[in-house]
Amino acid sequence: MKTIDEIEKIIQVTKDVLERKLDPFDVDVKSLIEKIKEIFPKLSSLEEYLKDSEAIYNLSQVIDMQSNEIYYKSSFLYFNPSLLVKKVQDLSFLELGNILSFCFYPILSTNFINIQSLIHAYEYWNNISYKKISFISKEYKIEEIQLEKVSKKIEDKIKSLEKYLNETSPIKLSEFIKDEPKNVAEKLFLLSFLIIQGKFYVGLNEEGEIIIQKNPSEIKGSIVFNVKI
Amino acid sequence: MKKKDKRKEKRKVTIFEKMKKALLLLLIQNKFIPGVKGWELRKYIGSKYPYILKLLDKELEDYGLKVKIVFDESIKDAENPTLNDYDKAHIYITSSSPIYYSLKGQFNIEELGCLSACIIYIISKSNNANLQELINFLSSKIPKIKAKGYVEKFKRKGYLKIKDDIVSIGWRTKAEIDLDALVKLLAIYVSK
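As given, the protein sequences belong to chains A and B, one line each in that order.
All letters in the first sequence, in the order written, are residues 1 to 229 by the numbering used here.
All letters in the second sequence, in the order written, are residues 1001 to 1192 by the numbering used here.
Please keep in mind that the hints were generated in silico from the structure rather than gathered at the bench.
Treat each hint with caution, since some may be false.
Unchecked claim - Computed from the model, here is a short list of chain B residues facing chain A with C-beta under 7 Å:
(1) 1029
(2) 1072
(3) 1084
(4) 1098
(5) 1109
(6) 1113
(7) 1120
(8) 1121
(9) 1126
(10) 1143
(11) 1186
Said to hold, decoys possible - Below 20 Å or equal to it, Euclidean Cα-Cα: the simulated EDC-like pairs (lysine to aspartate or glutamate) are:
(12) B:1161 <-> A:209
(13) B:1037 <-> A:209
(14) B:1163 <-> A:19
(15) B:1018 <-> B:1073
(16) A:86 <-> B:1180
(17) A:199 <-> B:1152
The beta carbon of each residue, even a glycine, is placed where N, CA and C say it ideally should be.
Given only the sequences and the hints, what does the whole structure look like? Please build it.
Here is the structure:
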């Protein structure tokens, strides 16, 4: 076996651990380090050295995971986490729900509208001005859009956007529309086709920002954008 | 009234005003996450806000509520937090005792059981579980599609955090659920 193949094998094992596909204690770190030590004198190219350093870095991450796990398990004293999981499997959801309800302290919060926000909203509403978007009337025919059958030129544009999103998603909407104002409207318009086709999904992340992501979600809804042109 | 008493009275009024301000800031939801960060409180009520929070906590005790401070994971000494730790912390108002009878509005008992199973599973994987494995674990009890839907719902509500297919405990779980008590209760629970 080539040296680079052996290193790649080690990288793959460590990656599996880091992605939680393998238990960190399934990896025999000591033997892998010995193996790297044996391989090291045989390395010749820069690529091999880079792979070697990547393998060592990943192994150090695995050691860190092992130490964290030992610390975590020891902090539970008598409660072995794997026994708890076994117990969860044996109990019914009704029993689990009842147990959780005894440890549940809900947060109190409220929403309200104040005079300041109403004034802001009023000013915003009065200043909205819509302009006719030129590209829609020139290139896109309304009948085509309604039938969801678009011309070859537009289809190509959709495909190139799909390719771009495949590489970049999940991407924040604010990053996606960083462009000329005219292009922004067109980008969003083309994006709507990809959303209808179910290839991409627009939703909110944990911070409340709008993101475009690849994996379709079960949530159905729509978001209205206001684009300044 | 003596000058000293007058000053004392004035100080009382100032503290009371600050407590009112803190209460409003904590209760009114800003954007998507309820509660406030410590630095936001410092901005509005000054650098002595941890003291104001203590007083507010005592005041809320009578109404069955409490001020819950969730410190950042990077905190060095959790028992003696510094002002910097308070600034990074997230502060909420929660109920001081579990209110299991009003939970029906938010979750049904199956969802609650599923959330409990998710949390225990994530804890057992030292707060870093693989999403696919978690769904497989849940699908031993409920259909896979349902399990996926529940996980999505818990993520949306902030109970779980999913990044690059790795699931960890979300901000709402840290704020609302007493994890130690959950583990202990589960350990001592005997099925009928």
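Q. When the hints from earlier in the document are held up against this structure, which numbers fail?
A. Structure breaks hints 2, 3, 10 and 15.
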